[in-house]
Amino acid sequence: MDANRLEEFRTQLSRLFPAGRLLTSATQVASYESDGLTAFRDRPDAVVLVESADEVVDTVRLCHQYGVPFVARGSGTSLSGGSLPIPGGVVIALNRLNRLLDYHPSHGTIVVEPGFVNQHVSKHAAQDRLYYAPDPSSGPVCTIGGNVAFNSGGAHCLKYGMTANHVLGMKVVLPDGEVVHLGGQSLEMAGPDLTGMFVGSEGLFGIALEVTLRLLPQPERYHTVLAAYDTLPKAGDAVAMVVASGLLPGAMEIMDNLAIEASEAAVHAGYPLEAAGVLLVELEGPEEEVAAEIPLLEKVIGESNAYEVRVAQNETERMTIWKGRKCAFSAVGRLSPDYIVQDGVVPRTRLREALDEIQRLSRKFDLRVANVFHAGDGNLHPLILYDGRIQGQLEQAEQLAGEILKMCIRFGGSITGEHGIGVEKIDFLPQMYGELEMQLMKRVRLSVDPSQLANRGKMLEVSAGKTDHKHTPHPLEQAGIISRA
Amino acid sequence: MQYVTSTEQLAELVRSQARVRVAGGGTKSATSRLANVSLSRLSGVLQYDPEEYTFTALAGTRLEEIDRLLRSKSQYLPFDPPLIEAGATLGGTVAAGLSGSGRLRYGGVRDFLLGARLVTGLGETVTTGSKVVKNAAGLDFPKLMVGSLGKFGVMTELTFKVFPAPQSCATIVLDTEHLAQAVEIMKSLAISQLDLACLDMDSSRRIWARVAGIREAVELRAQRVLQLAGGRGTILTDQQDADTWQACREFRWVPDEHSLIKVVITPDRIAPLIAALENLPYRISVGGHLAWLAWPRLRSSQELDQILHKLGCPAVALMGEWPSPWIGDHQENVFEQRLVMALDPNNKFSLSQPAGA
Ligand SMILES: Cc1cc2nc3c(=O)[nH]c(=O)nc-3n(C[C@H](O)[C@H](O)[C@H](O)COP(=O)(O)OP(=O)(O)OC[C@H]3O[C@@H](n4cnc5c(N)ncnc54)[C@H](O)[C@@H]3O)c2cc1C
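Taken in order, these protein sequences are the chains called A and B. Just so you know, the first sequence maps onto residues 286 to 770 in my numbering. Just so you know, the second sequence maps onto residues 12 to 368 in my numbering.
No farther apart than 35 Å at their CA atoms in a straight line, the calculated lysine-lysine pairs in the DSBU-like style are these: (1) Lys142/B <-> Lys727/A; (2) Lys519/A <-> Lys649/A; (3) Lys408/A <-> Lys444/A; (4) Lys142/B <-> Lys649/A; (5) Lys84/B <-> Lys584/A; (6) Lys84/B <-> Lys519/A; (7) Lys691/A <-> Lys444/A; (8) Lys608/A <-> Lys408/A; (9) Lys691/A <-> Lys608/A; (10) Lys649/A <-> Lys691/A; (11) Lys142/B <-> Lys584/A; (12) Lys444/A <-> Lys84/B; (13) Lys691/A <-> Lys519/A; (14) Lys456/A <-> Lys727/A; (15) Lys519/A <-> Lys444/A; (16) Lys608/A <-> Lys142/B; (17) Lys584/A <-> Lys519/A; (18) Lys456/A <-> Lys142/B; (19) Lys519/A <-> Lys142/B; (20) Lys444/A <-> Lys608/A; (21) Lys691/A <-> Lys84/B; (22) Lys456/A <-> Lys321/B; (23) Lys408/A <-> Lys456/A; (24) Lys444/A <-> Lys142/B; (25) Lys727/A <-> Lys444/A; (26) Lys608/A <-> Lys649/A; (27) Lys691/A <-> Lys142/B; (28) Lys691/A <-> Lys727/A.
Simulated DEER-style distance windows between Cβ atoms: (29) Ser85/B <-> Ala411/A: 34 to 44 Å; (30) Gln342/B <-> Lys691/A: 42 to 52 Å; (31) Ser85/B <-> Lys649/A: 36 to 46 Å; (32) Gln342/B <-> Asp413/A: 31 to 41 Å; (33) Asn47/B <-> Pro425/A: 48 to 58 Å; (34) Arg645/A <-> Leu57/B: 26 to 36 Å.
Stretches of chain A that chain B covers, calculated by requiring three or more beta carbons in the stretch to come under 8 Å of a beta carbon on chain B: (35) 382–395; (36) 706–720.
What the hints contain is simulated information worked out from the structure, not anything from laboratory work. Quick caveat: nothing in here was measured; it's all calculated off a predicted structure. Ideal Cβ positions, reconstructed from N, Cα and C, are used throughout, including at glycine.
In isolation and in its complexed conformation, chain A is listed as follows (with noise of 0.2 Å):
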């Protein structure tokens, strides 16, 4: 764009936000030139802080006026590179756009404004004992709208889907300024499913403005069982075991023991530090119901060699144990000064394999990998522990994080289970898929956004050359606020 149009853009621009919502000078941006992928940096024109839908709205049809591209970002957690800057565009900040619109306890729907975080919903239902089911762990901070873009999960994943399965409708602008609704208020809809093809397409199809969730009855009891493994692969059989017995426990996830010793050192919640692998499964329903599928969980797990077995007998038990699996990520910080957190999808049944692949990779690149995973559903969360000080290591440490997910495709798996491709894993998309989807996904994005304003250089552009970068701890993990898995 010449300077004189730029000029002018910037003009329109600032009619349009009083002076403490427009950003545009190197310090006032600099907090918005990253995000969870703290290894990568990019400076904005300007950032917005808007407070109104018609703001966004009116934002994205100047940028489409001027052909400027444009980023959404809510809290800026993503671990992919979702809400990196576009050098030159605009990042349009929606951590003000955090009202509640609507809460139907009745017909267990809320509808909130995309900057609403996401455990404020859990929070604002419980009044009623309802919940929102998606749970990732950066939950006390990552907004609504993050987590529709990226379909965030959790740890409870398998028994309840991710955000796709939670969200029923959307109000939504458009790459060119038009808005639209997709879906509804209701847990049907009739007519194609508009508001699943929106989530998880990483901000490339527009911005969320309103989204209605589906809220579920809390559960009645929880039963949350610590089991201590002298092998991993031990760990590993008792979730098959677990599965082939019937029970569809809310949670099931393993730690191994590098990543028992990060999580004691930081919160000490108590876990066996000589364990090989811990399991931590959680039945959760009516309180009958639980009664009676606690036998059969005792049984499985006598069955499965645990050699110490704890049963949380209290909420405050629950939440120490729950911790401790929550802050595992972070935690390796205390290990190591750098690490990448990988993202990737096994078949359940292979899960043994991939963790003897990962081991011996850790042990070809002479790098310490940490394993929290998400059992139940075969997400994979690998800690690649490294020292960016050392001449080399961190392209080592990016290496093996890819045959990890070489690994993920040549198992039938995913390159992500819940963190999304973003600029992270662009390179790998079309190692997942072939020429023939990855065409189909550019043509829908040109179809959508002919001039790919929304969220450019994400998810299906190739990657811009690699800028030097560093995986440390997103700012907020190192204050201790939120913590990856």
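Add chain B with the ligand to chain A, keeping to what the hints say.
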């Protein structure tokens, strides 16, 4: 009608023909009325991994076959697909976006579809989604297929997530005195912590609530549902329970010479909808988020269209003859149009009647 037996054959057909409308089992005649291609011979289970909770089958596979297979391993499709005995296929169920009463608990067909192989309007065969239970990579084409009636592409192969089947079920049948009371009971049961598998109401305002799980727990839970609802009602177990829901799933309550319509509602629309229908048979399902209507074939389709429009309810006609199966509050928006442009630029899959036909 042309019968295809392979994806390649279908892709070839799409490339060579101007219009391709597909039928599966033909159980939802309003949606397949103009069909010129049948997928009923593109049938068979390709892969079933009980330990993975997944299976992949060709789109023309009958639900009956799937049901039998899953039962043999004590698993099931929790969205409770309807019209199993009638001969519905997997592909038809996804295309029509149909889930049964059991979708209350764990979600609908959209929530259990993991992957789809499909042929686009350009005749390309693409494999979308994945075969594992969790995946966030790329655009979610499988979801777009749900309820699309084939307007974006023809599905040839589908992968689903399944769950372990509950050991036992029981149904609590509650009589109510008037509609307002029935709606109140329904609302309170729907958000109770009793974890209902189904929650329906029939034309005589009788409420049907189902619990599922481990046998001894199910008995106790059924008693609790009864108490919560005021204590007056009966409990059906075992075969009686199974028969009840089978009849419901097959729509045996729909009288002859009536068309079946699926109407999307929220619990507060139950009363206005029933008032507008004046004694037509209906069944409210999914705790008041779905209504099934029986509309007399001789009555004008426009009339129902208008009623639903006024109520703001989107709907899809499943049987009978309708100018378009999408009725009521349904409008194609630009997002949808742009998706059509990318997937089917030549409108080969369009639902509208071809000119001159
Ligand atoms: C410590 C930590 C733990 C985590 N744990 C998990 C986890 O357990 N499970 C999991 O799935 N993820 C996890 N994540 C990843 C991240 O939190 C999620 O991807 C989250 O959904 C991002 O939300 P956000 O508000 O921070 O969005 P941002 O990072 O600001 O944005 C994410 C993407 O969404 C787009 N976007 C934001 N708002 C909108 C909107 N209204 N409309 C359209 N697009 C929009 C942005 O453009 C961007 O592409 C974790 C991250 C961290 C740092």
